[in-house]
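J.: Chain by chain, the residues:
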Amino acid sequence: MNDTRSFSLNVEYLTRVEGHGNIVVNVRTGMLEECRLEIVEAPRFFEGMLKGRTIFEAQHITSRICGICACGHTLASLQAAEAAIGLTPSPQTLRLRELLLHLENLDSHLLHIYLLAAPDLLGVPSFAPLITSHEAVVRRALRMKKAVNEVCDRFVGRHVHPITTVIGGFTRLPRPADLEAMANLLEGLRPDMNATLDLLASLDFPTFERPTEYVALVSDGATYPLLQGDIGSSTGARLPKTEYRRATNEFIVPHSTAKHTKWNGPSYAVGARARFNLNHAKLHPAARQAAETLGLKPPIHNPFLNTAAQFVECVHGLEESIRIVREFQVQGLDYGEEFTPGVNEQNRIPVHAGSGVGAVEVPRGILYHHYEVDERGIIRRVNCIIPTGQNLNNIEQDMRALVPTLVAEGRTPEEIQHRLEMLVRAYDPCISCSAHFLKVQCVG
Amino acid sequence: MKPRIAFFDFACCEGCQLQVANLGEALLDVLKLVEVVEFREVMSEKWQGPLDIAVVEGSITTKEAVERIEKIRARSRILIAYGSCATIGGVNGMKNRFPLDEIRRTVYGEHAHDFPTIATRPVDQVVKVDYYVHGCPIWPPEFIEVLQSALRGLPRFPPDHAVCVECKLNENVCLYDKGVTCLGPVTRAGCNSWCTNNGNICYGCRGLVSNPNTKGAMDVLARYRVPLELVLNKMAMYNACREQGKTP
Chain E
196 MNDTRSFSLN VEYLTRVEGH GNIVVNVRTG MLEECRLEIV EAPRFFEGML KGRTIFEAQH
256 ITSRICGICA CGHTLASLQA AEAAIGLTPS PQTLRLRELL LHLENLDSHL LHIYLLAAPD
316 LLGVPSFAPL ITSHEAVVRR ALRMKKAVNE VCDRFVGRHV HPITTVIGGF TRLPRPADLE
376 AMANLLEGLR PDMNATLDLL ASLDFPTFER PTEYVALVSD GATYPLLQGD IGSSTGARLP
436 KTEYRRATNE FIVPHSTAKH TKWNGPSYAV GARARFNLNH AKLHPAARQA AETLGLKPPI
496 HNPFLNTAAQ FVECVHGLEE SIRIVREFQV QGLDYGEEFT PGVNEQNRIP VHAGSGVGAV
556 EVPRGILYHH YEVDERGIIR RVNCIIPTGQ NLNNIEQDMR ALVPTLVAEG RTPEEIQHRL
616 EMLVRAYDPC ISCSAHFLKV QCVG
Chain A
4 MKPRIAFFDF ACCEGCQLQV ANLGEALLDV LKLVEVVEFR EVMSEKWQGP LDIAVVEGSI
64 TTKEAVERIE KIRARSRILI AYGSCATIGG VNGMKNRFPL DEIRRTVYGE HAHDFPTIAT
124 RPVDQVVKVD YYVHGCPIWP PEFIEVLQSA LRGLPRFPPD HAVCVECKLN ENVCLYDKGV
184 TCLGPVTRAG CNSWCTNNGN ICYGCRGLVS NPNTKGAMDV LARYRVPLEL VLNKMAMYNA
244 CREQGKTP
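Keeping their order, the protein sequence lines are chains E and A.
Per this note's numbering, the very first residue in the first sequence carries number 196; after that it's consecutive.
Per this note's numbering, the very first residue in the second sequence carries number 4; after that it's consecutive.
Any given hint could turn out to be false.
Derived, one-sided and incomplete: chain E residues facing chain A with beta-carbon distance under 8 angstroms [said to hold, decoys possible]: (1) Phe-240; (2) Glu-242; (3) Met-244; (4) Ala-323; (5) Thr-327; (6) Lys-457; (7) Pro-461; (8) Asn-542; (9) Ile-544; (10) Pro-545; (11) His-547; (12) Glu-610.
Please keep in mind that the hints were generated in silico from the structure rather than gathered at the bench.
Note that beta-carbon positions come from the ideal geometry of N, C-alpha and C, so glycine has one too.
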């Protein structure tokens, strides 16, 4: 029997992804029998731990779900918490939160493009060999990461688990000198951004197309919707964020161990590619220009190009961040809005019993936080639905379509394994996040 | 030969390894001194042999994790625990305040039996730890300092005075004077009062000082009429594993 016609792949502890996952594939005489992405991250029980604590601690604790998207969890958490207790944030607060979300997406996308995805495209096992072979690329990657980090340090205290972001606004607002430094750091990123575009334009992404449903926030406004909007689908369906359960429909699959989601079709994709496909026309002109250089047109049906769509969003996020910071330099910030709520010991924020949903476009797609609180603001119920969880079903559908084409091309099991790892990485899965609600099974 | 070093993660958010990546180009200087043989989040390379230094992030929360950390300890000359989850249990410890079956049912409902878990423990309640880098997340300059000490074979003791000391040196207005409760008076310093510099309270992420001035702290609470229960509940956010000791 030909080796490439029957084989099993069992990739334990998939590397260069955030968190712990395994890929399992079985092919018998050219037929795909089994194909799944398993999650083996230790569950941490966040929804349980939050029960009985005050809503004023929800952001601090849920930020710790994930170090990479800590600012994303922060923003979804604050939105849900404020909706639950009935607080409307000021326009200044909302604008600053938009800025934070741009920086979050920029930082996370850069990490993924350079440290997690680029080694595959450059044909090496990690960034470590690149230090000798592509030293300039590594230095640029680290320099860009550091610049975005310094902007976040100035803005919210730090990027991993931001300090100043609280219910109602910020405990400290950036001073004029901070704004100037932030603007300079961001503008200084432009040459490196152009160099990144050149690098990506020179790389060959695998070709593979599988049209699917794309889900992202949508709005009637002119802004590329990230912080606010309805839940929209490429089918044209649209729901308010409070109806998120109808847009996710979590379900258990008999042959798989992970909870999956679907909406109008068998599976859907969230993340940079989905956002690009739905909202391309609202991107900053410089981002649309970058997309053109990379040959990206909506709809992108090749999941490997999610990495390229992330870069287009980097350009958008950078230009929008510069615009927001420069605006605040001109109009000034109202420092009277700074305040430290603590756990609301002074009852400065009126609290009522209620339920609130946050829906925010974080690096990997729509993140939902849902809290129910009692009349004292004590958390009674929590539900979080994570982008990576929503993508798992779609990743498996991609794997099922991709494996037979690779087998037909006569690829070796090693090549197939590598290509599947690349596919999973292209979605930039954040397994620390998703593990808190997925069913876990250890392979063995 | 350069010292062999590997990074491992257990139950955590992986934010501390991100803090290491965030050192930027300074990271390259560190990397020149050592040979990084395993770092799953950013490297595909794996290593099963002996290690000079194991850098461990995350809490121990499953039976498999106990076996894994014991094996890592057995092949490592030096073990550094970094981040609150590893050094004191951190936010994962809040789980221990509920009966384990109850919290499993809260999160996973009828599928609770598929999620085996044991009480959260920091690394030193399972194996010996040689160096500590506290914090949620770690303060990067301290990580470099600890790594330098470990590479030189020098002892390094984490600061053992209260965050208030650093906060005063940074000339911040006391949070108690702003009418909110802060854990600075009992929490181990070494973060340069990161959170209070930014207008927020201290959440106690670095653990308690080894000999907290309980009477002084009680006086502060009395002066500002803060109920003890409020403070104890706050301390439990990061320090719930504190009383468990070393029983496996």
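J.: Would you mind marking each hint as holding or not holding in the structure?
T.: We went through each hint and held it up to the structure:
| no. | hint | result |
| --- | --- | --- |
| 1 | Phe-240 | holds (5 angstroms) |
| 2 | Glu-242 | holds (5 angstroms) |
| 3 | Met-244 | holds (4 angstroms) |
| 4 | Ala-323 | holds (6 angstroms) |
| 5 | Thr-327 | violated (11 angstroms) |
| 6 | Lys-457 | violated (19 angstroms) |
| 7 | Pro-461 | violated (23 angstroms) |
| 8 | Asn-542 | violated (10 angstroms) |
| 9 | Ile-544 | violated (12 angstroms) |
| 10 | Pro-545 | violated (16 angstroms) |
| 11 | His-547 | violated (21 angstroms) |
| 12 | Glu-610 | violated (15 angstroms) |
Of the numbered hints given earlier, the model fails hints 5, 6, 7, 8, 9, 10, 11 and 12; all others are met.
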